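**Q** Sequence:
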Amino acid sequence: MRRTATAAVYAVAAAVALTGLTGCGGSGSGGSGGSPQATAVGTASASASPLGYGCLTPAQAPGAFQLEVGDQPTTTTTDAFAAGHGPVGVVFAHMAGESVCEWAPYVSSFAAKGYLALTFTSVGSTDQEIADAVAELKRRGARRVLLVGGSKGGTGVLVAASRPLALPVVAVVSLSGPTAYAGMDASAAVPRLTVPVFFMADSDDEPFTDDARTLAAAAVHAPVHPLKLYPGSNHASAVLGDRAALADFDAFVARYAPPG
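Letter by letter, the sequence shown follows residues -19 to -1, 1 to 241 in mature numbering (1 follows the signal peptide of the UniProt record, and there is no 0).
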């Protein structure tokens, strides 16, 4: 039976998972693509710049900027961090209660591999913010985009990918993404996806484990829609702390969204 928890339930679960999140790469290191571990994880603050979170290194600092999000006439700006150059852009969307810091190490890692990568602090409708981030990547020269998100962000990338965006989506990765969150309905969006989609979760991270199963089964028009469950109860980006998960993530990205 398909399970869809309320936004309140997911918010509580995300907050609990956050207490064990020590870095964007989790406790593991290495993997086939050398994805990074975070040196610091921050939560949203009143700062006007990602620099105020304390999670960006001096080398990353020049990539901090304000991203315009939302529909006219109610647009606003939010903290963002981008790095790299290349025809393939990557948008990373964070879990509830997190910030630009959750995926910042991955932005730098992907930039080093030849991607144009971006992450942001969500302040409203995540799927719309992802669309705005994609538009920013197009402005910076990207020609296609990979979407990666965890938990709330995992739902957001699935919903955003099902809608017209400024760039064509080449692949999607959802880590611990719920079937629905804060008005975003991934259950309705996923059957419309026609690009490769990778569903990742830990086996003891309920209800998100069941949600991953449900969503993977619903991706009937995606050319590939693998589901991988890993031992433990890590959540969102922390799933990549498992070496096998990290290797699977790197392999999926390399196959379906190479930087060239």
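Bear in mind the hints are in silico, worked out from the structure with no lab data behind them. This one's a predicted model, so the numbers in the text were calculated from it and none came from an experiment. Fair warning: there could be bad hints in the mix.
[Said to hold, decoys possible] Quick list of simulated restraints, FRET-style, between CB atoms:
1) D185 with G33: 17 to 25 angstroms
2) A147 with V104: 44 to 52 angstroms
3) R236 with S184: 39 to 47 angstroms
4) P54 with A198: 35 to 43 angstroms
5) P54 with A225: 45 to 53 angstroms
6) P39 with H202: 21 to 29 angstroms
7) R144 with G122: 27 to 35 angstroms
8) T57 with V201: 22 to 30 angstroms
9) T58 with D185: 32 to 40 angstroms
10) R173 with P39: 18 to 26 angstroms
11) V201 with A42: 24 to 32 angstroms
12) T58 with G35: 33 to 41 angstroms
13) P39 with R194: 37 to 45 angstroms
Idealized CB from N, CA, C, for every residue including glycine.
**Q** All the hints need checking, so say for each whether the structure fits it.
**A** Right, here's what the structure says about each hint:
The given range of 17 to 25 angstroms is broken by D185 and G33, whose C-beta atoms sit roughly 35 angstroms from each other. In this structure the hint that A147 and V104 lie 44 to 52 angstroms apart at CB is violated, the actual value being about 20 angstroms. Look at R236 against S184: about 24 angstroms separates their beta carbons, and that is not inside 39 to 47 angstroms. Look at P54 against A198: about 41 angstroms separates their beta carbons, and that is inside 35 to 43 angstroms.
For the hinted restraint 45 to 53 angstroms between P54 and A225, the CB-CB distance of approximately 48 angstroms keeps it satisfied. Between P39 and H202 the Cβ separation comes to about 45 angstroms, which falls outside the hinted range of 21 to 29 angstroms. At roughly 22 angstroms, the beta carbons of R144 and G122 sit outside the given window of 27 to 35 angstroms. About 37 angstroms separates the C-beta atoms of T57 and V201, a value inconsistent with the hinted range of 22 to 30 angstroms.
A C-beta distance of roughly 38 angstroms is found between T58 and D185, which places it inside the suggested range of 32 to 40 angstroms. Checked against the hint of 18 to 26 angstroms, the pair R173 and P39 fails, with Cβ atoms roughly 43 angstroms apart. For the pair V201 and A42, the beta carbons lie near 44 angstroms from each other, so the given range of 24 to 32 angstroms is not met. For T58 and G35, the hinted distance range of 33 to 41 angstroms is not satisfied, since their beta carbons lie about 20 angstroms from each other.
For the pair P39 and R194, the beta carbons lie near 43 angstroms from each other, so the given range of 37 to 45 angstroms is met.
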